[in-house]
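K.L.:
Sequence:
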Amino acid sequence: MDQACRFLLQLSLIVVTAETIRIATFNCEFLNSKRIHIKFGESFNLSATDAATWTPAFREQKLEEASESVAKVLAQVDADVLALTEVGNANDLEVLRQALIDEGVTYDFIGPNRSTDTVTGQHVGVLSKIPFTSILPSIPGREHYWEELDDPETESETGVSKGMRVSFQNADGNDIHLYVVHLSSERGGHEQDQQRIAQASILRRHYLNTLDPDAMIIVAGDLNDKRGDPTLRRIRGLDDIQSDLGIGYRFKHLDGERSSRCLALCLVRHEFDLHRLP
Numbered sequence: 001m002d003q004a005c006r007f008l009l010q011l012s013l014i015v016v017t018a019e020t021i022r023i024a025t026f027n028c029e030f031l032n033s034k035r036i037h038i039k040f041g042e043s044f045n046l047s048a049t050d051a052a053t054w055t056p057a058f059r060e061q062k063l064e065e066a067s068e069s070v071a072k073v074l075a076q077v078d079a080d081v082l083a084l085t086e087v088g089n090a091n092d093l094e095v096l097r098q099a100l101i102d103e104g105v106t107y108d109f110i111g112p113n114r115s116t117d118t119v120t121g122q123h124v125g126v127l128s129k130i131p132f133t134s135i136l137p138s139i140p141g142r143e144h145y146w147e148e149l150d151d152p153e154t155e156s157e158t159g160v161s162k163g164m165r166v167s168f169q170n171a172d173g174n175d176i177h178l179y180v181v182h183l184s185s186e187r188g189g190h191e192q193d194q195q196r197i198a199q200a201s202i203l204r205r206h207y208l209n210t211l212d213p214d215a216m217i218i219v220a221g222d223l224n225d226k227r228g229d230p231t232l233r234r235i236r237g238l239d240d241i242q243s244d245l246g247i248g249y250r251f252k253h254l255d256g257e258r259s260s261r262c263l264a265l266c267l268v269r270h271e272f273d274l275h276r277l278p
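Under this note's numbering, the sequence shown has 270 at position 270, and the numbering climbs by one with no breaks.
Please note that a few of the clues may not be correct.
As the list claims (entries may be wrong) - Think about it this way: if two alpha-carbon atoms lie no more than 30 Å apart in a straight line, the pair counts; the simulated DSSO-like pairs of lysine-lysine are:
#, residue 1, residue 2
1, Lys226, Lys72
2, Lys34, Lys72
3, Lys62, Lys129
4, Lys129, Lys72
5, Lys62, Lys34
6, Lys34, Lys129
7, Lys72, Lys62
Said to hold, decoys possible - Derived Cβ-Cβ restraints for the label pairs, each shown as a range:
#, residue 1, residue 2, range
8, Ser43, Thr116, 19 to 27 Å
9, Val119, Asp50, 36 to 44 Å
10, Ile101, Thr20, 39 to 47 Å
11, Pro131, Asn91, 19 to 27 Å
12, Asn91, Asn45, 37 to 45 Å
13, Glu153, Asp50, 35 to 43 Å
14, Ala51, Pro152, 19 to 27 Å
15, Thr133, Gln98, 20 to 28 Å
Simulated from the structure, these hints should not be mistaken for lab results.
We put the CB at the ideal spot given by N, CA and C, even for glycine.
All chains, please: the whole structure from these sequences, using the hints.
P.N.:
Given below as C-alpha cells:
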C-alpha cells in the first residue's frame, strides 16, 4: 500500500534544555476498522454484496495489513511522540503499535481519543515513548457560527469531534501540552470553513486556560487549512484581544510536493517567543 507514502508528514525538533524531543504528526488515512475498506479501493459506503465480504474478521485482517504499511513509514521517522489522525479507537491504535514493534520501534504509551464522529469512525491518537502526566480524551466546548454570513437565520453550532490533549514533562520537569486535532474538512465549502474556524476558537479557549510561564503548548494534526488562513490565525490568536503567543511550523510532504490540506504544527510558549523549526 504505497499510498501511505503520499500522506503529509511533519517533524519538529523541540529543544528543551539538554533534551531534544522529536514529535511527528501523521495522517493515517482511514486506518480504522470501521472504514478500513476505503484503504483498499472500496467506496465509502459498501454495497450489500461487498459488505458481506467485509466481515469483522476480514476487517481485522485488513487493518493489520494496512497498519504494517503505515508502520514501515513511521518507523523511519522514529519520533518520540506520534500525533496521529484518521486512526481508530484504542484497539485499532494497539494494532498499529504492535506493527511498529515489529519494525523495531516501541511506543509504551497510548493516548486514545474519545471521538464523536460516528460517520467516518475516525479518531485521533497519540503513541509516545514518554510517559503521560495526563490524558484528556476529548476537548470540551461548543461554538456557534453562521453558515451564511449574510443570513442571521443560518446560525449553527459545533464542537471538536476529533480532538484530545496529552501532557508530559521535559527533563526540567516543565509541562508540555500536546493537542491533537482533526478539524472539519474543506470539502463543504464556506459552511465548513466557518465550522473549522469555530472549532479553532474552542481549541484556543481551551489551551489558554492551560498556560503557565514554563509550559509549552503544541497543536498538531490535520487542521485542513494553510499557513496564514483563518483557522491557523485563530489558533495562533491573531484576531482576538489576547497576545499573539508565537508560532513555528514546518510543512514537509513525503513525496516532496506541497498540499493545500496542511497538517500544521504550532509551538506556543507563554514567554511569547517565536520559535522557528529547522
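K.L.:
Now, for every hint given, state plainly whether the structure supports it.
P.N.:
Verification of the hints:
no., hint, verdict
1, Lys226 to Lys72, "holds (28 Å)"
2, Lys34 to Lys72, "holds (22 Å)"
3, Lys62 to Lys129, "holds (26 Å)"
4, Lys129 to Lys72, "holds (17 Å)"
5, Lys62 to Lys34, "holds (11 Å)"
6, Lys34 to Lys129, "holds (27 Å)"
7, Lys72 to Lys62, "holds (16 Å)"
8, Ser43 to Thr116: 19 to 27 Å, "holds (24 Å)"
9, Val119 to Asp50: 36 to 44 Å, "violated (18 Å)"
10, Ile101 to Thr20: 39 to 47 Å, "violated (23 Å)"
11, Pro131 to Asn91: 19 to 27 Å, "holds (21 Å)"
12, Asn91 to Asn45: 37 to 45 Å, "violated (23 Å)"
13, Glu153 to Asp50: 35 to 43 Å, "holds (41 Å)"
14, Ala51 to Pro152: 19 to 27 Å, "violated (43 Å)"
15, Thr133 to Gln98: 20 to 28 Å, "holds (25 Å)"
Consistency with the previously given hints fails for numbers 9, 10, 12 and 14, ordered from lowest to highest.
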